[in-house]
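*Asks:* This is what each chain is made of:
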Amino acid sequence: MEDNVVNLDEQPQLRRRSLLAAAGVLGLTGGAVAVATTTRGEPAKAAAGVTRKITIYAEALPGNQFGYGLTPGGATIPGPILEMYEGDTLEITLVNTTNQRLSIHPHGVDYSTDSDGAPFNASYNEPGQTRTYVWRSHEMTATSGRRFMPGSAGYWHYHDHAMGTDHGTGGLIKGLYGALIVRRRGDILPDKQVTVVFNDMQINNKTAPNTPMFEANLGQRVEWIAIGHGNFFHTFHLHAHRWADNRTGMLEGPSDPSQVIDNKDLNPGSSFGFQVLAGEAVGPGAWMYHCHVQSHSDTGMAGIFLVRNADGSMPPGAQEAIDRFQGHQHKAAATHVHEGSGS
Amino acid sequence: MEDNVVNLDEQPQLRRRSLLAAAGVLGLTGGAVAVATTTRGEPAKAAAGVTRKITIYAEALPGNQFGYGLTPGGATIPGPILEMYEGDTLEITLVNTTNQRLSIHPHGVDYSTDSDGAPFNASYNEPGQTRTYVWRSHEMTATSGRRFMPGSAGYWHYHDHAMGTDHGTGGLIKGLYGALIVRRRGDILPDKQVTVVFNDMQINNKTAPNTPMFEANLGQRVEWIAIGHGNFFHTFHLHAHRWADNRTGMLEGPSDPSQVIDNKDLNPGSSFGFQVLAGEAVGPGAWMYHCHVQSHSDTGMAGIFLVRNADGSMPPGAQEAIDRFQGHQHKAAATHVHEGSGS
Amino acid sequence: MEDNVVNLDEQPQLRRRSLLAAAGVLGLTGGAVAVATTTRGEPAKAAAGVTRKITIYAEALPGNQFGYGLTPGGATIPGPILEMYEGDTLEITLVNTTNQRLSIHPHGVDYSTDSDGAPFNASYNEPGQTRTYVWRSHEMTATSGRRFMPGSAGYWHYHDHAMGTDHGTGGLIKGLYGALIVRRRGDILPDKQVTVVFNDMQINNKTAPNTPMFEANLGQRVEWIAIGHGNFFHTFHLHAHRWADNRTGMLEGPSDPSQVIDNKDLNPGSSFGFQVLAGEAVGPGAWMYHCHVQSHSDTGMAGIFLVRNADGSMPPGAQEAIDRFQGHQHKAAATHVHEGSGS
Numbered sequence: 001m002e003d004n005v006v007n008l009d010e011q012p013q014l015r016r017r018s019l020l021a022a023a024g025v026l027g028l029t030g031g032a033v034a035v036a037t038t039t040r041g042e043p044a045k046a047a048a049g050v051t052r053k054i055t056i057y058a059e060a061l062p063g064n065q066f067g068y069g070l071t072p073g074g075a076t077i078p079g080p081i082l083e084m085y086e087g088d089t090l091e092i093t094l095v096n097t098t099n100q101r102l103s104i105h106p107h108g109v110d111y112s113t114d115s116d117g118a119p120f121n122a123s124y125n126e127p128g129q130t131r132t133y134v135w136r137s138h139e140m141t142a143t144s145g146r147r148f149m150p151g152s153a154g155y156w157h158y159h160d161h162a163m164g165t166d167h168g169t170g171g172l173i174k175g176l177y178g179a180l181i182v183r184r185r186g187d188i189l190p191d192k193q194v195t196v197v198f199n200d201m202q203i204n205n206k207t208a209p210n211t212p213m214f215e216a217n218l219g220q221r222v223e224w225i226a227i228g229h230g231n232f233f234h235t236f237h238l239h240a241h242r243w244a245d246n247r248t249g250m251l252e253g254p255s256d257p258s259q260v261i262d263n264k265d266l267n268p269g270s271s272f273g274f275q276v277l278a279g280e281a282v283g284p285g286a287w288m289y290h291c292h293v294q295s296h297s298d299t300g301m302a303g304i305f306l307v308r309n310a311d312g313s314m315p316p317g318a319q320e321a322i323d324r325f326q327g328h329q330h331k332a333a334a335t336h337v338h339e340g341s342g343s
Numbered sequence: 001m002e003d004n005v006v007n008l009d010e011q012p013q014l015r016r017r018s019l020l021a022a023a024g025v026l027g028l029t030g031g032a033v034a035v036a037t038t039t040r041g042e043p044a045k046a047a048a049g050v051t052r053k054i055t056i057y058a059e060a061l062p063g064n065q066f067g068y069g070l071t072p073g074g075a076t077i078p079g080p081i082l083e084m085y086e087g088d089t090l091e092i093t094l095v096n097t098t099n100q101r102l103s104i105h106p107h108g109v110d111y112s113t114d115s116d117g118a119p120f121n122a123s124y125n126e127p128g129q130t131r132t133y134v135w136r137s138h139e140m141t142a143t144s145g146r147r148f149m150p151g152s153a154g155y156w157h158y159h160d161h162a163m164g165t166d167h168g169t170g171g172l173i174k175g176l177y178g179a180l181i182v183r184r185r186g187d188i189l190p191d192k193q194v195t196v197v198f199n200d201m202q203i204n205n206k207t208a209p210n211t212p213m214f215e216a217n218l219g220q221r222v223e224w225i226a227i228g229h230g231n232f233f234h235t236f237h238l239h240a241h242r243w244a245d246n247r248t249g250m251l252e253g254p255s256d257p258s259q260v261i262d263n264k265d266l267n268p269g270s271s272f273g274f275q276v277l278a279g280e281a282v283g284p285g286a287w288m289y290h291c292h293v294q295s296h297s298d299t300g301m302a303g304i305f306l307v308r309n310a311d312g313s314m315p316p317g318a319q320e321a322i323d324r325f326q327g328h329q330h331k332a333a334a335t336h337v338h339e340g341s342g343s
Numbered sequence: 001m002e003d004n005v006v007n008l009d010e011q012p013q014l015r016r017r018s019l020l021a022a023a024g025v026l027g028l029t030g031g032a033v034a035v036a037t038t039t040r041g042e043p044a045k046a047a048a049g050v051t052r053k054i055t056i057y058a059e060a061l062p063g064n065q066f067g068y069g070l071t072p073g074g075a076t077i078p079g080p081i082l083e084m085y086e087g088d089t090l091e092i093t094l095v096n097t098t099n100q101r102l103s104i105h106p107h108g109v110d111y112s113t114d115s116d117g118a119p120f121n122a123s124y125n126e127p128g129q130t131r132t133y134v135w136r137s138h139e140m141t142a143t144s145g146r147r148f149m150p151g152s153a154g155y156w157h158y159h160d161h162a163m164g165t166d167h168g169t170g171g172l173i174k175g176l177y178g179a180l181i182v183r184r185r186g187d188i189l190p191d192k193q194v195t196v197v198f199n200d201m202q203i204n205n206k207t208a209p210n211t212p213m214f215e216a217n218l219g220q221r222v223e224w225i226a227i228g229h230g231n232f233f234h235t236f237h238l239h240a241h242r243w244a245d246n247r248t249g250m251l252e253g254p255s256d257p258s259q260v261i262d263n264k265d266l267n268p269g270s271s272f273g274f275q276v277l278a279g280e281a282v283g284p285g286a287w288m289y290h291c292h293v294q295s296h297s298d299t300g301m302a303g304i305f306l307v308r309n310a311d312g313s314m315p316p317g318a319q320e321a322i323d324r325f326q327g328h329q330h331k332a333a334a335t336h337v338h339e340g341s342g343s
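Chains as they are written, first to last, in full-length UniProt numbering: chain L, 1 to 343; chain G, 1 to 343; chain W, 1 to 343.
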């Protein structure tokens, strides 16, 4: 573990990116909250103990939707990307500005029952109430048999677990979700980050052509966090880019056995992440990302990843592709009986 | 391989657990049959040749259900957890006490066509008939290119493959299934084991609040074996615990690339397993496990993992959570059209 | 990387197999196009630059279906298996002999927007038109943090992306798909190859008992490429054989953490591959492969993997099993409401 900490110190250019993230510069979808801290000169274990306090506002949005935000009036769907290093703690003060019972429930990290965010554990905010949830994290720990119990690092997510029903599954469909990243020290930090949530038959609660267009310049390191919610099965596909089906999306070396993929199941409650170099080996252009379930793609689960030239200018043909996308017919779902749908 | 055998000998405390398992002490859901044997002083290959003979009874249960059991009248849903080490053989004498054609078909292990358990290979028990099925297993073997053909180790399962239809898919829905574990020598043995089967819209053929409540004391090593059956897609989620998405659920070391997850697809015919230290980094309490498909959770695919204090006493709030769970409304499935359902 | 190239040179028996593949001898389902080349004496990087030009014909087939083929009048469903090594380039001249707009879109490899195969990028063949698509590939490349950006190696696939709808999803259901393999130098080459495509409720656009029967002799190394398409979720299960859930299906060594499986999700747009030694540890016989979703298997998503004796003769009982399979009742799908189906 200790050498990972050294790695981080040896990569000041990556540290800078993290500071940019902390300043809210990076996020394409909501602001990113990076909680990286300087650890130089401290022992590894002690370093793994930074506590960051943030406030999140749960707010009603137009169209009977709801969102999380870092400032009053700043709620977005998805909510902000929250980040921490293994060993760090996030203390989240959740302000419920709505007239609904709701909560915030994280995947992957450590929490006591009173931070579970589930009605089952009486862990939620009543309408108008403010409540603090504590998310801790830890590094891997040695166990017998020369193996290690996993640490918290991963591309996780958070969501409401209290709205609408006894089990609290009513807030997900309305937009109360976001990405949560726990990094190992030494992990490569990205230049840009995007959150893609397949939520029932929508992407980030939108349908094409209104789905998000993510933009990057050629060669920029773009981190994708993909999250599934709702009642349907989906497969996430990105054109012209690929990633290793493991923790980071990169290979540890020639003997890393991970399959390299460009299409992955993205089902309710699951999440994964990876980093690509925008346009690597393919060049700039307008590339599609979409659900590869045929009827889901037809009915609007598709969007654009626009890779600009390295200097930020538009590559030839890209605007025409975007215009075409805007004009495409997205068949009404009414002609299909979709799996699990009550509509 | 040989060093794994040495490992096993060096872990007498783990061997003891296995002996407990053999005595039927471990299983939370049905009895566990551990077939570990002492291998000290034998060459590794010779050691990998123990044959264990067991009798399994397939029996009718109330409510038009069926189960497997290790004693007459002892059938359960799911059936007993069967265990072996790579290289061992299980000779299963299946006694069919029912008036239906049925069989036992394993995943992962080695069997000849006459132990296939499929009508296709005329491998089944007629009503009242007794028949022996032989399941063998093997360690990984070197092949060209410095790679290895996989051995049999894994969290597998067994099930009927002969009831009801020509393809023999009628017994699964009625409860004829169970977990099968093949371990590598040196694998860490658990303190407790639980089998969770997502079978159509039920867990172990039950719906909340009647789904199983699994119990462990803080820090106990609990092995989960998750199995999917039926016609629906599902995702298994466990609150406040996580595992590596690999063979054991643990990491081989810092360069093990496996993603760490707390939510995983659990679709028909698939299985996986992992070990957690109950309440590790989160403390005791009543934690939910559930299908994360929203409507599946709402309609009763949820249960409780009760982590007691280390001394076995109830932690604060746990009983209240259990009471709340018992009183929760589980919406009737009738308001949903679920995928693949004929009901 | 360099030692992988040396490996390849050290395995002349495997090279011969590849040449057989190039001669069209190997493919069980359509012809295989192997584009391996002799690299002895060349530096590794230079070796990774072979360009192969092939012509593919997209043709109408009976029953309102379409297929890809390597010769005029030679279209099959699935299309031919296309192979390349990391670093190689395939220049595909696609001849559209049909009266429909169509294209060829690959997964995994590198292509510019004009080879995207999507209407979105105006990349398709009008009826009767001939157009060239260029697919490149690359080896893994070192990045910061001692990690590697993944190379192109994988069990991928290609398919039409322009027929029928604005998004071009109409050709998949009609048969315009096939397997694409990118190998690392040093990868083990198979004796036989089979492509299995779960496309809506069919296998290779057929239903049992008309699904393909794949044949091999005991001990032959058979490479399976499994591909998912359509609107349904599926799980691929093969009796009596198993594989590692990683890039090759084999283990890199005792510390390779990959789960070994015999059942895997096979959802739209996904693909995976693995090699088995036919009948390894189980012997010859007629073995089933099928979708493990219960109702999908019942309604005809099942087929036979016939493992003959080593000398090619029929093992006892195999013909009887095949006859039984032919006579089995496959329930009409009409009694089920399947997920996502409008039928």
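A couple of the hints might just be wrong.
What the hints assert, rightly or not - Below are the DMTMM-like pairs computed for lysine to aspartate or glutamate, each with C-alpha atoms no more than 20 Å apart in a straight line:
#1 G:K206 with L:D166
#2 L:K206 with W:D114
#3 W:K206 with G:D166
#4 G:K206 with G:D114
#5 W:K53 with W:D114
#6 G:K206 with G:D166
Hints were generated in silico from the structure; no laboratory data involved.
*Asks:* Does each hint fit the structure? Answer for all of them.
*Replies:* Hints and how they fare:
In summary, the hint linking G:K206 to L:D166 is supported, as the alpha carbons are separated by about 19 Å, within the 20 Å threshold. Restraint check for L:K206 and W:D114: not satisfied, since their Cα atoms lie roughly 28 Å apart, outside the 20 Å limit. The suggested pairing of W:K206 with G:D166 holds, with an alpha-carbon distance near 19 Å, which does not exceed 20 Å. This hinted pair does not check out: G:K206 and G:D114 have alpha carbons roughly 33 Å apart, beyond 20 Å.
Proposed proximity of W:K53 and W:D114 is supported: the alpha carbons are some 17 Å apart, at most 20 Å. With a C-alpha separation of about 27 Å, the suggested pairing of G:K206 with G:D166 is violated against the 20 Å cut-off.
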